[in-house]
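From first to last, the protein sequence lines stand for chains A and B. Each residue of the first sequence is one higher than the one before, starting from 1 at the first, in full-length UniProt numbering. Each residue of the second sequence is one higher than the one before, starting from 1 at the first, in full-length UniProt numbering.
If you're looking for bench data, these hints aren't it; they were derived computationally from the structure. Don't take every hint at face value.
To be verified - Sample of chain B residues at the chain A side, in silico, Cβ under 8 Å:
no., residue
1, Met54
2, Gly137
3, Leu159
4, Ala160
5, Gly189
As the list claims (entries may be wrong) - Pair by pair, the computed Cβ-Cβ distance ranges are:
no., chain 1, residue 1, chain 2, residue 2, range
6, A, Val37, B, Ala81, 20 to 30 Å
7, A, Leu45, B, Val164, 11 to 21 Å
8, B, Val295, A, Leu45, 44 to 54 Å
9, A, Ala102, B, Ala209, 46 to 56 Å
10, B, Val295, A, Gly165, 35 to 45 Å
11, B, Asn200, A, Arg195, 17 to 27 Å
12, A, Ala38, B, Val295, 33 to 43 Å
For every residue, glycine included, the Cβ atom is placed at its ideal position computed from N, Cα and C.
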Amino acid sequence: MTATAPATRPAADRDRVLATAAARRREQRRRTWHRSVAKHVALSLVALSMLLPFAWMVTTSLKADGDVFAIPPQWVPTDPQWGHYREVFEALPFARFFLNTALYTVAVMAGEVLVSIVVAYGFARFDFRGKKPLLLFLLGTIMLPGEITIVPGYIFWAQVGDTLGVQLINTYWPLVLPALGGQAVHVFFLFQFFRAIPRDFAEAAYLNGAGWWTILWRVFVPMSRPAVVTIAVTSFMGTWNAFLGPLIYLNDVEKFTVQVGLTMFRGQFETDWPLLMAATTLSVIPVLVLFFTMQRYFVPSRASEAVR
Amino acid sequence: MPDPEPPPDAADRAARAAALVAARPRRRRISPAYAYIAPWFVAFAVFALVPMVMSLVMSLTDWPVIGSPTWRGLGNFTELARDQQFWRSLWVTVRFGVVSVPLGMAASLTVAMVLNSRVRGLGLYRTVYYLPAVVSGVAVGLIWRWVLDPSAGLVNGALAVVGVQGPGWLTDPAWVLPSYTMVALWGAGGGMLTYLVALNEVPKDLGEAATLQGAGWWARLWFVTLPLMRPILFYNLVMGIIGAFKKFNDAYVLGGAGGEGNFLMLHIYRTAFEHFRMGYASAMSWVFLLIVLAVTGLVFRFSDFWTFSRGNEES
Numbered sequence: 001m002t003a004t005a006p007a008t009r010p011a012a013d014r015d016r017v018l019a020t021a022a023a024r025r026r027e028q029r030r031r032t033w034h035r036s037v038a039k040h041v042a043l044s045l046v047a048l049s050m051l052l053p054f055a056w057m058v059t060t061s062l063k064a065d066g067d068v069f070a071i072p073p074q075w076v077p078t079d080p081q082w083g084h085y086r087e088v089f090e091a092l093p094f095a096r097f098f099l100n101t102a103l104y105t106v107a108v109m110a111g112e113v114l115v116s117i118v119v120a121y122g123f124a125r126f127d128f129r130g131k132k133p134l135l136l137f138l139l140g141t142i143m144l145p146g147e148i149t150i151v152p153g154y155i156f157w158a159q160v161g162d163t164l165g166v167q168l169i170n171t172y173w174p175l176v177l178p179a180l181g182g183q184a185v186h187v188f189f190l191f192q193f194f195r196a197i198p199r200d201f202a203e204a205a206y207l208n209g210a211g212w213w214t215i216l217w218r219v220f221v222p223m224s225r226p227a228v229v230t231i232a233v234t235s236f237m238g239t240w241n242a243f244l245g246p247l248i249y250l251n252d253v254e255k256f257t258v259q260v261g262l263t264m265f266r267g268q269f270e271t272d273w274p275l276l277m278a279a280t281t282l283s284v285i286p287v288l289v290l291f292f293t294m295q296r297y298f299v300p301s302r303a304s305e306a307v308r
Numbered sequence: 001m002p003d004p005e006p007p008p009d010a011a012d013r014a015a016r017a018a019a020l021v022a023a024r025p026r027r028r029r030i031s032p033a034y035a036y037i038a039p040w041f042v043a044f045a046v047f048a049l050v051p052m053v054m055s056l057v058m059s060l061t062d063w064p065v066i067g068s069p070t071w072r073g074l075g076n077f078t079e080l081a082r083d084q085q086f087w088r089s090l091w092v093t094v095r096f097g098v099v100s101v102p103l104g105m106a107a108s109l110t111v112a113m114v115l116n117s118r119v120r121g122l123g124l125y126r127t128v129y130y131l132p133a134v135v136s137g138v139a140v141g142l143i144w145r146w147v148l149d150p151s152a153g154l155v156n157g158a159l160a161v162v163g164v165q166g167p168g169w170l171t172d173p174a175w176v177l178p179s180y181t182m183v184a185l186w187g188a189g190g191g192m193l194t195y196l197v198a199l200n201e202v203p204k205d206l207g208e209a210a211t212l213q214g215a216g217w218w219a220r221l222w223f224v225t226l227p228l229m230r231p232i233l234f235y236n237l238v239m240g241i242i243g244a245f246k247k248f249n250d251a252y253v254l255g256g257a258g259g260e261g262n263f264l265m266l267h268i269y270r271t272a273f274e275h276f277r278m279g280y281a282s283a284m285s286w287v288f289l290l291i292v293l294a295v296t297g298l299v300f301r302f303s304d305f306w307t308f309s310r311g312n313e314e315s
């Protein structure tokens, strides 16, 4: 290296060394620059392939029927048919579907979030006999897909309704009541946050006269707000997108959720792609809006992929 | 927490402190914790265990939803063993699981590694890649049914521009599995985020040490990064295969010629709610459960995933 070169070296020699060092540095910089350009090109191509189907959905929803089958595909519709979005609401009670789904989603979300908080607190704050096996059991169920209990669940609700003499199939009860048990993934997620809260906080509050229940809502929940928001968002997404449960339990069209309504659209308007894509676009708007506004609360939890 | 007013008197404080001391080190006879954790366990018992037991009984009967079940003994299970359609649907499911899950993992791991090397605009890429994962399975199915449309779909339209006649993706049995793989790759962004997190946890000095000893990029990946990520890779593989078994929403919409899109869960659904054979579908659900339990057992045996939660508890 030049720094260690003896001072007695002739000036010309030194200049040559310096020049090659500079050239090497330039070369290096050029190479990292090339690398980073290549990287961005590759990443952008992947990003493009993620976005194209969405763009295709939106552009199709605005096409006039004659342009749908044009080859090569048209990206910008010559005469955007905004009316398709109105037609969606006329063809099927889509507004009703949205209302149903909103109520269903809020009910399930409230139940899952509140109960999961309570259960996680029970595991995180207290030591008790059987804690370890119970927690491991709860964790183990995360791996079991809820789909296993779809047929058994239907039998259960049909039989319970029969026994009690009430109609439970074709109502929202089978979809909403199980939410009152919380959700194992959410429990585990919150549990990790709750245990990180020093016991001194809770015990100080306890010494000052607060009960365990008060401590949960006044100390633990406020201190874990991001975690609570995260499970609320996850729960919202999961319920809004839920399909199999609503599909089997709901029979009347006016009780349908958006997802079930969409598949009905497909059955009735199979070839009317613009209308179908307009309906699909409308159905994904709520989750996309939530995703963009709440992005920092999206936590890639390994376990959350196991549910639903 | 600030002092609440009115502050408790000294005696109350002392009593509470005593209760706290008594409660902490030893395990109390009846901890308040049981009341807190009860809802989940009660709900699990009522809404999962009881139905499973009921369906076990039902699996020994014929029940066409209307009327009362008739006893069939093990007839459903012997029929299942010889049921061509059922085995085909299992085969479709397993094939998808072992082909497209590793492919999706490799793809998302590659993208995660590129993203991990301090790229500008990381947040934007992450957002875009995650996008398909937040959309419902039904919407994914509808979008892709149209994208893969043989005559006017985006894929074949693009192929036509370069002069290639694209296949009938979902209408040609040979192309159904590749179609599903493509859809799965599109939605692999969710998995990519988990790898990004895991890569961040790989200690940097280990890679640097390897580099100093002359390890190249590949050697570093093979001998340092991947072994350290083994738990999450294994976990994702198993969850991906289980995911194939519960695959329903997009498959319900996408379909697929020649029964190639007839995934296990779809087959169970059709048996129960289109052919109204509840007893038979119950038997299938139990086979489904046993498969998942076997796969889960594998995880318990061969993965260090669970040491994480156990280690947590000891602290």
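Consistency of the hints with the structure:
1. Met54: 5 Å, holds
2. Gly137: Nearest chain A Cβ about 6 Å off; hint holds.
3. Leu159: Interface hint status for B:Leu159: violated (11 Å vs cutoff 8 Å).
4. Ala160: Holds. Min distance 6 Å.
5. Gly189: 7 Å, holds
6. A:Val37 <-> B:Ala81: 20 to 30 Å: 59 Å, violated
7. A:Leu45 <-> B:Val164: 11 to 21 Å: 19 Å, holds
8. B:Val295 <-> A:Leu45: 44 to 54 Å: 35 Å, violated
9. A:Ala102 <-> B:Ala209: 46 to 56 Å: 55 Å, holds
10. B:Val295 <-> A:Gly165: 35 to 45 Å: 41 Å, holds
11. B:Asn200 <-> A:Arg195: 17 to 27 Å: 22 Å, holds
12. A:Ala38 <-> B:Val295: 33 to 43 Å: 39 Å, holds
Hints 3, 6, 8, counting from the list given before, are not met by this structure.
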